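So the sequence lines, in the order shown, correspond to chains W and U.
My numbering numbers the first residue of the first sequence as 241 and each following residue consecutively.
My numbering numbers the first residue of the second sequence as 13 and each following residue consecutively.
Worth flagging that the hints you see were computed from the coordinates, not collected in a lab.
Only a predicted model underlies this, so the values are computations on that prediction, with no experimental measurement involved.
Wrong hints could be hidden among the right ones.
[As the list claims (entries may be wrong)] Listed next, the in silico DSSO-like pairs over lysine-lysine satisfying Cα-Cα at most 30 Å (straight line): (1) U:LYS116 <-> U:LYS182; (2) U:LYS187 <-> U:LYS37; (3) U:LYS116 <-> U:LYS135; (4) U:LYS135 <-> W:LYS452; (5) U:LYS87 <-> W:LYS279; (6) U:LYS185 <-> U:LYS219; (7) W:LYS279 <-> U:LYS21; (8) U:LYS87 <-> U:LYS187; (9) U:LYS87 <-> W:LYS352; (10) U:LYS185 <-> U:LYS87; (11) W:LYS279 <-> U:LYS20; (12) U:LYS23 <-> W:LYS279; (13) W:LYS352 <-> U:LYS135; (14) W:LYS452 <-> U:LYS107; (15) U:LYS182 <-> U:LYS219; (16) U:LYS23 <-> W:LYS352; (17) U:LYS107 <-> W:LYS352.
[To be verified] Distance windows between CB atoms, simulated: (18) U:PRO84 <-> W:TYR300: 38 to 48 Å; (19) U:ASN82 <-> W:ALA348: 27 to 37 Å; (20) W:ILE440 <-> U:HIS137: 31 to 41 Å; (21) W:GLN368 <-> U:ASP115: 19 to 29 Å; (22) W:GLY411 <-> U:ASP115: 53 to 63 Å; (23) W:LEU282 <-> U:ASN82: 24 to 34 Å; (24) U:LYS21 <-> W:PRO293: 43 to 53 Å.
[Unchecked claim] Counterexamples of contact, computed for chain U against chain W with all Cβ distances above 12 Å: (25) PHE24; (26) PRO34; (27) GLU35; (28) LYS37; (29) LYS186; (30) ASN200.
Built from N, CA and C at the ideal position, the CB exists for glycine as well.
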Amino acid sequence: MDYLALWVTLKLAVITTVILIILAAPLAYVLAYSRFPGKSFLEALIYLPMALPPTVIGFYLIMVMGPRGWIGSSWLALTGNSLLFTFVGIAIASIIYSIPFAVQPMKAAFQKIDRRLLENASVLGLSQSAAFIRVVIPNSIAGLVAAAVLVFLHSIGAFGILLMVGGSIPGVTKVASIAIYEAVETMNYRAAGLIALSFIPISYAFLLLMNKLNGDSENNASNHT
Amino acid sequence: MLQTTLKKKLKFFDLDISFSCPEDKMLVLIGPSGGGKTTIIRMLAGLETPDEGKIVFHNQVWFDSTRHINLPTRKRGIGYVFQDYTLFPHLNLYKNAAFAAVDKKEVHFLFELFNIGHLRDRKPHMVSGGERQRCAICQALARRPQLLLLDEPLSALDVVTRRELRQELKNLKKKLSIPIIYVTHDINEAFFLADEILPVVDGKEDKDWMQRTYRRGPSSEKIHKATREPRLALVG
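The following block holds chain U by itself, in its conformation from the complex (with noise of 0.2 Å):
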C-alpha cells in the first residue's frame, strides 16, 4: 500500500494533494497537462522533492519532510515507464531491457509477452515508437519494481499502436500484485485501465473535472484548459 500527501510550491499554482494505493490496483491520476501529475509522479520517484509532506509505502518512510527523510530514487525500488523513451541508445533493446534485471531470462519472457522478441538485437533508434515504449516496460518490469510508475506511457503514439499497448497493460495489470500508478490525460485511457482514478487540477483533486470535460461546458478558465487538451483522446 502507498500512502503519500504532498505539497509543493510549483510556479502557477500549489499542489496539495494525498492518496494510496493498494496492492494489485491501478490508480489512474488525470486531468488536463500542466496539472501537476508528472509532478506528482516525479516526487514519489523521489526525481522531484515535495516542499512538504510523507511518502509511506510498505510501512518504510520514502519521504517525510518532518523528520528530514528523503530515501534516494534508486533505493525506492520502482519501475517507471517515462513519457518519452528514455532507452540507453547505446545498448540494443535486449540490452536495454536486461539492464537492471534481477532475472535476466525473465527479459525473454517479457519479450515474447510483449511481442518484441524479434528485435532483441536492434539499437533504440531502429524501431518505432511503439516498439520502444513496450522495450521501456520490459525494462521497468525486469527489475521487479515494487511499485510501478507509467507517466503517460501511450501519449507519443499512433491510435492504433495506443490502442494495441493499452490492452497490453491491461493484460499486464491482472498479472502483477503490485500497485501502479498510471498519469494520463485521456479520458477513455483511464476508464479503460484505471480500478480507481483520481482527477488532478492545477494540483488539487477535482472530482467533478471529468464530468466537466465530458459536458464539455467551459464556465470557467480552469475548464476551459481542461477541454483544450485531450481532445484527440476523447475520441480514440
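Just chain W, same shape as in the assembly (with noise of 0.2 Å):
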C-alpha cells in the first residue's frame, strides 16, 4: 500500500483543516452579523469554488500560482522556488478548494446564537472581537467542529484540482486520490483496493462524530428553550 500517499493526504487534510477553520472564523461572523455594500458578491465570490469544476479551479491557481501569475511570482522572488509542484501549493488549492465548506456551517452556527448574548456581551464592556472570542466561539463549538470535519473530509477527497496544481511528486504532491487513479492506471487494482479501503473507516467515522455533535447540539438547543 503507498504508505506515502497517505500520509501526505493526511497532512494535508490536517494542515488544511486547521488554517482554513482559523482563516473561516472571522470571515464566518463578518458574514453572519455585518452589514455592508457587496456582501452578497464577497459571499457569492467565498462560493465559487463549491460551484465551480475542480478542474476550472485549477486551471485559475496555475495562472496565478505559475511563475508568471503574481502570487507564483512573489513566491518565486521571496524563496527563489516555484510554487507550482510543491506540497505549499497544493495546499493553498486545497484551502481555496475547500473554503466554502469552512464558512457555511460556520456562518450558521454563529446566526444561531441569541443577538441578545451579544447585547450583553457589549453592556458588559467587550468589545466585537472580545464577544466573538468569549461568547460567539464558545457557544458556535458544535458548529465549528462541524464546519472542520467537512472540511477535512472534503480535503481527503480532493483529486483535479490537486493534480493540476501539484502533480504527482511521490512524498510531495502525490495524495492518495492520485495514487488510486493512477494505480487503476497501471492495472494495479489491488493496490487502488487497498487506499480506497482506508478511506472508507476515516470518512466514516468522521460522518458518525459529525452526527454525534448534530445531536448534541440539538439537544442543549432544546435544553435552553
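Now that you have both chains on their own, put them together as the hints suggest.
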C-alpha cells in the first residue's frame, strides 16, 4: 500500500483544516453579523469554489500560482522556488477548494446565537472581537467542529485540483486519491483497492462524529428553551 | 445625574421624551407594553440610536445628535438587566456573574446577598427563572456600573418569586449610590420601588396615565390599550 500517499493526504487535510478554521471563523462572523455594501457579492465569491468544476479552479490557480502569476512570481522572488508542484502549492489549492465548506456551517452556527447575548456582552464592556472570542466561539463549538469535519473530508477527497496544481510527486504532492487513479491506470487494482478501503473507516468515523455533534447541539438547544 | 432628551421615529408613533435621574434615585418608567419604554432604555444603553437628542451622564456626553457623538455601549459603564434572561449558556452562574466583574470577590458577596451561592456551579438552564434573573442582577452589579438599567426584570417570573425579588431590589437600592432606571408596566411594582415615576404612553410622557388606568374608565383607545396590559400586575 502507498503509505506515503496516505501520509501526504493526512498532512494536507490536517493543515487545510487547521488553517481554514482559523481563517474562516472571522470571515463567517463578518458574514453572519455585518451589513456592508457588496456583501452578497463577497459571499457568492467565497462560495464560488463549491459551484465550479475543480479543474476550472485548478486552471485559474495555475494561472496565478505559476511563475508569471502574481502569487507565483511573488513566491519565486521570496523563496527562489516555484509554487506549482510543491506541497505549499497544493495546500493553498486545497484551502481555496474547501473555503465554502468551512464558512457556510460556521456562518450558520454563528447566526444561531441569540443576538441578545452579544448585546449583553457589549453592555458588559466587551469589544466585538472580545465578544467573538468569549461568547460567539464557545457557543458555536458544535458548528466549528462540524465545519472542521466537512473540510477534512472534503480535503482528503480532492483530486483534480491537486493533480493540476501539484502533479504527482511521491511524498510531496501525490495524495491518496491520485495514487488510486494511477494504480487503476496501471491496472494495479489491488493497490488501488487497499488505498480506497482505507478511506472508508476514516470517512465513516468522521460522519459519525458529525452526527453526534448535531445531536448534541439539538439537545442543548432544546435544554435552553 | 443622568439627563436626556430623546426623539425617535418608531413604527406606530414618534418617541419624544425628556427626563433626568439624580444619584441614589430610582426612576421608574411605566406604561403599557409597546409604548416605547424599552426603546428608551435601549437608547440609554447605546443599543439603539435616537434620531435626535442628547444623553449626558455626569457631564460626559454619551450621545449628541447635533455634535454626532455616540459613545459605544461598551464604554458607557452601565449595568443592564434584560427582560428575558441573557446569561451566557456556556458558563455556570458564578462565571456568568464574574464575566465582567471588577473584583471577583464581590461576586461571592452578591451571590450571598441574592441567595444563589449554592447554585454557583450550575449552568443557566439548570436553575429557575428567578434564580437566573438574580444571577443577571449580580452580573450587572459585579462590573460596578455607574448607571443601572432594569428592563422589566420581573415580568417573566411567577407572582411569589416576583414579590421576593421586588423586595430584594428595594433592599439593594438602599445600598447603591447610582441612578437606576427601571422599566415596568406593573403599577404596584412602580409604587413599591420608585423614587420617581415617569409614565410613558406612545413614546411621550403622560402624567395622567396611572390615574386613568387605576380608574379603569377607558374612554379612549390609548387608555383601553393601557388597561389591557397590567391586569395581572394590579392584583399582585
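Hints, one by one, checked against the model:
no., hint, in the structure
1, U:LYS116 <-> U:LYS182, "holds (24 Å)"
2, U:LYS187 <-> U:LYS37, "holds (11 Å)"
3, U:LYS116 <-> U:LYS135, "holds (18 Å)"
4, U:LYS135 <-> W:LYS452, "holds (22 Å)"
5, U:LYS87 <-> W:LYS279, "holds (28 Å)"
6, U:LYS185 <-> U:LYS219, "holds (24 Å)"
7, W:LYS279 <-> U:LYS21, "holds (28 Å)"
8, U:LYS87 <-> U:LYS187, "holds (24 Å)"
9, U:LYS87 <-> W:LYS352, "holds (27 Å)"
10, U:LYS185 <-> U:LYS87, "holds (24 Å)"
11, W:LYS279 <-> U:LYS20, "holds (28 Å)"
12, U:LYS23 <-> W:LYS279, "holds (27 Å)"
13, W:LYS352 <-> U:LYS135, "holds (19 Å)"
14, W:LYS452 <-> U:LYS107, "holds (27 Å)"
15, U:LYS182 <-> U:LYS219, "holds (24 Å)"
16, U:LYS23 <-> W:LYS352, "holds (27 Å)"
17, U:LYS107 <-> W:LYS352, "holds (22 Å)"
18, U:PRO84 <-> W:TYR300: 38 to 48 Å, "holds (42 Å)"
19, U:ASN82 <-> W:ALA348: 27 to 37 Å, "holds (31 Å)"
20, W:ILE440 <-> U:HIS137: 31 to 41 Å, "holds (39 Å)"
21, W:GLN368 <-> U:ASP115: 19 to 29 Å, "holds (26 Å)"
22, W:GLY411 <-> U:ASP115: 53 to 63 Å, "holds (58 Å)"
23, W:LEU282 <-> U:ASN82: 24 to 34 Å, "holds (27 Å)"
24, U:LYS21 <-> W:PRO293: 43 to 53 Å, "holds (51 Å)"
25, PHE24, "holds (23 Å)"
26, PRO34, "holds (22 Å)"
27, GLU35, "holds (21 Å)"
28, LYS37, "holds (21 Å)"
29, LYS186, "holds (24 Å)"
30, ASN200, "holds (27 Å)"
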